[in-house]
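Chemist: If you want the building blocks of each chain, they are given just below.
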Amino acid sequence: MNERAQPLLEVNNLCVSYGQVEAVRDVSLKVMQGEFVSIIGNNGSGKTSTLKAIAGVVKPSGGSIRIQGAEAQGLAAHRVVGMGVSLIPEGRQIFSDQTVDDNLMLGAYSRRRRDLDSFDDDFQKILQLFPVLAERRRQIAGSLSGGEQQMLALARGLLSRPKLLMIDEMSLGLAPRVLETLFPVLERLNREGLAILLVEQLATMALKVAHRGYVFENSRITISGSASELAGNKQVIEAYFGRRTN
Amino acid sequence: MSSVVQYLLAGLGIGGIYALVALGFHIMWSSAKAVNFAHGDTLMLGAVLTIVFLDFGLPMSVAIALAIGVSVIFGVVLERVAIRPFAAQARSIGWMLTTIAIGIMLESYATISFGAFARPLPSPLAEKPVIILGAGVFPQELLIPLAAVAIVGLLYFFQRRTQLGRAMRAVAFNREAAGIVGINVTRIAMISFALASALGGLSGILVAPVIQASATMGLLLGIKGFAVAIIGGITSAPGVVIAGLLYGVIEKFVDGYISTAAREAVGFSIVILVLMIWPQGLFGRKEIVKV
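Line order of the protein sequences matches chains G and U. Following our numbering, the numbering of the first sequence begins with 1 at its first residue and continues without gaps. Following our numbering, the numbering of the second sequence begins with 247 at its first residue and continues without gaps.
Chain G on its own, in the form it takes in the complex:
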């Protein structure tokens, strides 16, 4: 890949505040085409707020966000989806009163009419990726297990045909057995060209699958580097591998 290629996502000096509380301070990061980037850090370190600001769910109080060079800070969430960036939010946030099929159809909501022709193909591909959803298509989404709900959230996000998939706390509340099936899916999607920005508390897992990583601490980025550098970094090991939650 060209070193000077335009980043898919470029965030500079991003700040997010909730009233008096500063949740994100001067965060700068980028994701290149096809890259897999992980963000690790403790609860309340600003990871989720950063993703929410990029996705247009919260308005940043400062800084810039560019998606393929186009300014995206402060845009409404649906506009960001239209620019090819999709967020799989913390807690899945599936539409649990609608069926699995309805949720998947809504995943394609942002598509233009001409893209809808390819929808059936994508739909089949998604069901191959998550075969368990194929068995549950008419079921109300709220009746799915936690792991199935996470798969549905991923599938829903993928059906908007993103160039960049941002995933917030994928592992939260899921059994290790489920994660063993989900992480390989992410790796496969990434190999097929999808860029991924993963926020994850499970640092070992997150760094194993990623190319690069950022460490968040107290609302800012404190360490960044390649995944293998971070995995070997003494501070990172002490802070995140020593005491693993989940």
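No more than 30 Å apart at the CA atoms, straight line, and that leaves these computed lysine-lysine pairs for DSBU-like:
#, chain 1, residue 1, chain 2, residue 2
1, G, 30, G, 163
2, G, 59, U, 532
3, G, 234, G, 30
4, G, 59, G, 163
5, G, 59, U, 279
6, G, 208, G, 125
To list a few chain G residues with every Cβ distance to chain U over 10 Å, as calculated:
#, residue
7, 35
8, 62
9, 127
10, 183
11, 185
Since the hints were made in silico from the structure, they are not lab data. For each residue, glycine too, the CB sits at the ideal point set by N, CA and C.
Given chain G, work out where chain U should sit, using these hints.
Modeler: What follows is chain U alone, placed relative to chain G:
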């Protein structure tokens, strides 16, 4: 026997209107977590404008279409200027005042231009009563509850078979998640207000042949429709329609067996009682408010 049937059928007639008004509140609440308290005046707009357009010599179908069209524009403009700027934050309640204020202004304007008196809206279905089991009732009164049930059925399929309908349910369930999947939440709110206002205008046109049209006809219909929406459970479309029909029937029985004076007192007492026992309404779902 015949008086029981009489009260029942007449009750379903007026109850159908409460149901349709409540359905409008349900649609608005679902998309915007706010409602138009001038919604009763949308009924007045539909009824009064139809009469005005008929006075111009327009045919009935054109008059009705135009009146509903103006009702829709009223709802959309009101959402834009009186609700959206005042409902930006969860728990903000400025829209209550702004929509009530616009309702009062509209009523005053209608009183000045239309006149302070009531006029009937002619309908071929309200000329001669039909006799059912000894009870005399206008076909128009039978049409209203049927319309309410048909519309809630259509809404049900619309919300499950079309992308727009799914999007409306998604916004009702979780606005944030709806935005994340690419739904333009403010546009859905606009469409919902348009739909609710179309229903409002139509309800006014349906009821005017029975109760007559006037500048002030919307006030009590709006309040009762809102009460019905609350006791039925504003999150449930079938719930508010059932509650509306029930409320109309109860009203007519109180009317007939006690007195017209007791009607509102008994009716609203029931509303308060139901709310004490079921705070979410009879068929409602508890909503999670995010701050």
